[in-house]
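Q: Read top to bottom, the protein sequences are chains A and B.
Each residue of the first sequence is one higher than the one before, counting from 407 in our numbering.
Each residue of the second sequence is one higher than the one before, counting from 407 in our numbering.
To be clear, the hints were calculated from the coordinates, so they are not data collected in a lab.
No residue lacks a Cβ here, since even glycine has one placed at the ideal position from N, Cα and C.
Heads up, some of the hints might be wrong.
From chain A, some residues computed to sit far from chain B (all C-beta separations above 10 Å) [claimed, not checked]: (1) Ser408; (2) Gly448; (3) Glu459; (4) Thr496; (5) Arg549; (6) Asn609; (7) Asn711.
Which residues of chain A face chain B? A few of them, derived with a C-beta cut under 7 Å, are [said to hold, decoys possible]: (8) Arg469; (9) Glu725; (10) Thr734; (11) Pro835.
There are 2 protein chains.
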Amino acid sequence: MSERLVIIGGVAAGMSAATKARRLNRNMDIIVYEKSGYVSYGACGFPYYIKGEIPRIEDVIVRTPQQFAQQGIQAHVCHEVLAIDPTEQTVRVRNLETGKEFTDQWDKLILTTGGAAVRPPVPGLDLPGIFTLRTVEDAVAIRRWLEQERPARGVIVGGGYIGMEMAEALAVHGLQVSIVEMLPQVMPNMDPDMATYVLQELNHQGVDVHLDRRVEAFAGNGRVREVIAGGEQFPADVVIFSVGARPNNALAQQAGIALGPIGAVAVDDHQRTNLPYIWAAGDVAEARHLVTGKPTYIPLGTTANKQGRVAGTNAAGGEATFKGIVGTAAVKVFDLHVARTGLSEKEARVEGFEVETATITSSSRAHYMPEHPPLHVKLVFEPGSRRLLGAQMVGQEGVAKRIDVIAAALHAGWTTYELAELDLSYAPPFAPVWDPILVAANVANR
Amino acid sequence: MSERLVIIGGVAAGMSAATKARRLNRNMDIIVYEKSGYVSYGACGFPYYIKGEIPRIEDVIVRTPQQFAQQGIQAHVCHEVLAIDPTEQTVRVRNLETGKEFTDQWDKLILTTGGAAVRPPVPGLDLPGIFTLRTVEDAVAIRRWLEQERPARGVIVGGGYIGMEMAEALAVHGLQVSIVEMLPQVMPNMDPDMATYVLQELNHQGVDVHLDRRVEAFAGNGRVREVIAGGEQFPADVVIFSVGARPNNALAQQAGIALGPIGAVAVDDHQRTNLPYIWAAGDVAEARHLVTGKPTYIPLGTTANKQGRVAGTNAAGGEATFKGIVGTAAVKVFDLHVARTGLSEKEARVEGFEVETATITSSSRAHYMPEHPPLHVKLVFEPGSRRLLGAQMVGQEGVAKRIDVIAAALHAGWTTYELAELDLSYAPPFAPVWDPILVAANVANR
Chain A
407 MSERLVIIGG
417 VAAGMSAATK
427 ARRLNRNMDI
437 IVYEKSGYVS
447 YGACGFPYYI
457 KGEIPRIEDV
467 IVRTPQQFAQ
477 QGIQAHVCHE
487 VLAIDPTEQT
497 VRVRNLETGK
507 EFTDQWDKLI
517 LTTGGAAVRP
527 PVPGLDLPGI
537 FTLRTVEDAV
547 AIRRWLEQER
557 PARGVIVGGG
567 YIGMEMAEAL
577 AVHGLQVSIV
587 EMLPQVMPNM
597 DPDMATYVLQ
607 ELNHQGVDVH
617 LDRRVEAFAG
627 NGRVREVIAG
637 GEQFPADVVI
647 FSVGARPNNA
657 LAQQAGIALG
667 PIGAVAVDDH
677 QRTNLPYIWA
687 AGDVAEARHL
697 VTGKPTYIPL
707 GTTANKQGRV
717 AGTNAAGGEA
727 TFKGIVGTAA
737 VKVFDLHVAR
747 TGLSEKEARV
757 EGFEVETATI
767 TSSSRAHYMP
777 EHPPLHVKLV
787 FEPGSRRLLG
797 AQMVGQEGVA
807 KRIDVIAAAL
817 HAGWTTYELA
827 ELDLSYAPPF
837 APVWDPILVA
847 ANVANR
Chain B
407 MSERLVIIGG
417 VAAGMSAATK
427 ARRLNRNMDI
437 IVYEKSGYVS
447 YGACGFPYYI
457 KGEIPRIEDV
467 IVRTPQQFAQ
477 QGIQAHVCHE
487 VLAIDPTEQT
497 VRVRNLETGK
507 EFTDQWDKLI
517 LTTGGAAVRP
527 PVPGLDLPGI
537 FTLRTVEDAV
547 AIRRWLEQER
557 PARGVIVGGG
567 YIGMEMAEAL
577 AVHGLQVSIV
587 EMLPQVMPNM
597 DPDMATYVLQ
607 ELNHQGVDVH
617 LDRRVEAFAG
627 NGRVREVIAG
637 GEQFPADVVI
647 FSVGARPNNA
657 LAQQAGIALG
667 PIGAVAVDDH
677 QRTNLPYIWA
687 AGDVAEARHL
697 VTGKPTYIPL
707 GTTANKQGRV
717 AGTNAAGGEA
727 TFKGIVGTAA
737 VKVFDLHVAR
747 TGLSEKEARV
757 EGFEVETATI
767 TSSSRAHYMP
777 EHPPLHVKLV
787 FEPGSRRLLG
797 AQMVGQEGVA
807 KRIDVIAAAL
817 HAGWTTYELA
827 ELDLSYAPPF
837 APVWDPILVA
847 ANVANR
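Input sequences plus hints: build the corresponding full structure.
A: This is the structure we're talking about:
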């Protein structure tokens with residue numbers, strides 16, 4: 407009998423694992439159980455689908471179960487795994503369409519149950535018109551609400567990546583948009599000084615931003631009508647609730663799979679869990695942060711795809727490792743491009759580093775070009791060793807891939823001196839002769 | 407008496423050296439002699455000035471002699487240095503406006519005489535209407551010719567960076583543009599397979615490209631009327647002659663300063679020449695190529711600025727080194743962004759490397775975005791060691807700074823395995839979840 411690989415969760419990590427395992431091992435049976443009605447979708451595309459820029463939800467689905475079947479991967483949607491038995495090497499599965507339950511056997515198991523939106527016990531959070539955004543079903547429901555209910559006022563709770571993208575999506579639908587954020591700044595992953603540029607852009611685009619306000623309740627008569635936060639009432643015909651993500655760790659806990667301090671599945675550099683023949687990858691799992699050397703939880707699609715490949719390779723009898731992440735992320739906030747990598751200044755302090763910073767404003771083009779939009783760069787580094795710890799950038803172009811140069815520098819473990827030596831490309835439409843990265847590095851090195 | 411630093415040549419390297427020396431050393435006398443009428447200009451902006459995108463020539467001049475004077479730097483334009491006496495530590499100088507000659511003494515000397523356009527002995531090359539493009543005077547003369555003579559047909563001799571940018575500049579002025587190139591491809595710094603995309607863009611924009619044609623003569627009656635190349639006649643009311651640059655090494659030769667095999671001034675990592683108290687930097691000098699470990703001659707403004715700083719630091723009594731370059735360059739060809747770093751496939755073979763390549767076409771945005779322009783990536787690497795040797799990219803956006811990630815990888819001396827591990831930024835408007843760099847690295851690692 408051929409070996410049987412069962413994968414629990416069929417989005418980025420799960421389907422990357424399945425595809426890679428199939429490529430390496432032609433004889434293995436590969437079965438994926440996915441609770442939702444879809445596999446292999448690009449969740450990061452949802453705000454653009456809701457905005458209407460991507461016309462159909464099918465467009466963000468990379469491959470269907472039928473397409474996977476042609477590769478010899480059995481992907482079962484609407485199938486929830488209820489329990490894992492690591493000793494018997496079985497899973498208990500419920501077909502959510504028929505209600506029937508069955509037990510399946512596995513030789514190798516990959517846990518890719520992903521993450522879920524954080525939902526604290528706020529009164530009224532279940533009112534119609536309040537949405538979190540994680541699944542295809544969420545995305546479809548939000549766009550339907552916008553198109554059918556024609557809401558006039560949208561409140562976004564949480565000023566992170568999804569909040570930023572959804573502010574733009576709702577604004578495009580003609581809504582008056584407000585953001586309510588618990589912290590004293592938007593974009594909590596950025597330092598306050600860099601987040602200020604984002605706040606300015608939101609204000610410029612007509613978005614009302616209310617900081618330092620914790621949501622106390624939602625009110626409405628059969629559907630949401632207002633958000634109560636910091637004692638104030640904000641009228642709302644639709645609410646996007648996006649205050650963070652947490653690992654879907656219930657199955658792991660039930661099975662005795664070890665979790666890290668943040669509640670994500672602890673994995674080694676082979677994506678192995680503490681139990682034999684069980685790997686984990688993606689938003690349910692930790693990743694090693696290469697700047698701190700410690701496990702961290704930064705759930706992103708890029709990491710999920712890479713970890714999934716590694717888990718799939720190893721489960722299929724190959725050999726692969728995932729060294730870790732440096733915390734690189736980018737987001738478009740209306741006309742502003744925002745990106746970060748490594749540790750922010752405040753994160754570095756929390757991690758116990760001594761911290762120095764160099765912050766400059768240059769441009770994403772030569773200064774003599776008629777249009778030369780400002781580009782803000784902040785470098786975070788250790789004063790003694792000069793070791794680079796992280797960077798943040800805000801501009802109108804040339805931001806996301808410019809941060810990647812610093813991501814590479816963090817992978818290399820460079821100092822600000824080594825950063826300043828880089829032979830970076832130059833042409834007037836793409837950069838000044840001293841690229842903003844070099845300008846920042848030169849300032850750091852003064 | 408205070409020490410006296412004389413700098414010969416006042417463009418990128420020279421003025422970087424002067425500025426850095428001034429910052430480090432308040433007491434030194436700093437004198438710059440510049441043959442042309444301008445110092446401190448951004449020569450890379452000339453095509454955009456000629457195109458009309460940059461309105462005034464003053465816009466590409468970073469600082470004037472008057473501004474340098476306020477910093478305590480004496481910058482003399484229209485002053486040609488005729489000879490260097492390294493024993494007496496003097497220079498012989500001619501004021502080109504008055505014709506008067508004088509001798510000046512120096513304690514430290516920095517040679518930043520730059521490069522010149524290659525001008526082979528082609529009959530008719532001196533006809534009015536034929537231009538090379540190196541100096542402010544050249545740029546002004548070309549734009550004046552376009553505006554006053556209203557030429558209908560422009561021929562560009564040489565399909566390199568300047569040729570590409572000038573093709574666009576002339577087309578914007580309404581000219582029918584032809585490119586005549588000696589080699590069987592445009593963009594000789596790219597491999598033929600990648601240069602094909604550039605050729606397609608030129609054709610798409612209505613530029614006639616004639617390859618494999620060496621220019622034999624220019625003909626005309628008092629001004630250029632045609633270009634004769636490969637036995638064929640190409641009508642021309644204006645010609646841009648841009649077949650390469652060579653170091654302005656006459657002064658160095660005269661003074662006994664050692665040149666490298668290509669004729670550029672040989673320098674160590676402190677920008678020192680073989681003679682005491684004499685440094686060289688910029689387009690007159692060599693630079694170490696960090697991939698081959700050998701000196702090379704790739705005259706670019708980015709390198710000139712960095713070398714100038716290092717020469718200025720050391721001449722002023724400080725301590726700085728310039729490790730070298732990896733050959734990074736970018737150019738915009740109409741709507742196409744083109745970039746390269748490291749060695750091309752053919753360069754790597756010439757250097758004696760065993761070569762393997764991985765070439766992919768992905769996109770600069772998530773594939774489900776309604777617009778997701780193609781992005782072509784070619785990686786060049788050593789098959790055994792998997793060491794990365796270079797990369798080329800062509801696309802419509804996200805090219806120049808994406809090549810910089812590979813430039814960083816070359817500085818780090820990485821393999822294709824290390825490249826594939828990078829935590830690169832992702833958001834649907836900026837990249838697919840697998841950045842094209844990672845897609846190419848994964849293909850290389852198969």
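Q: I'd like to know which numbered hints this structure contradicts. Please list them from smallest to largest.
A: 2, 3, 7, 8, 9
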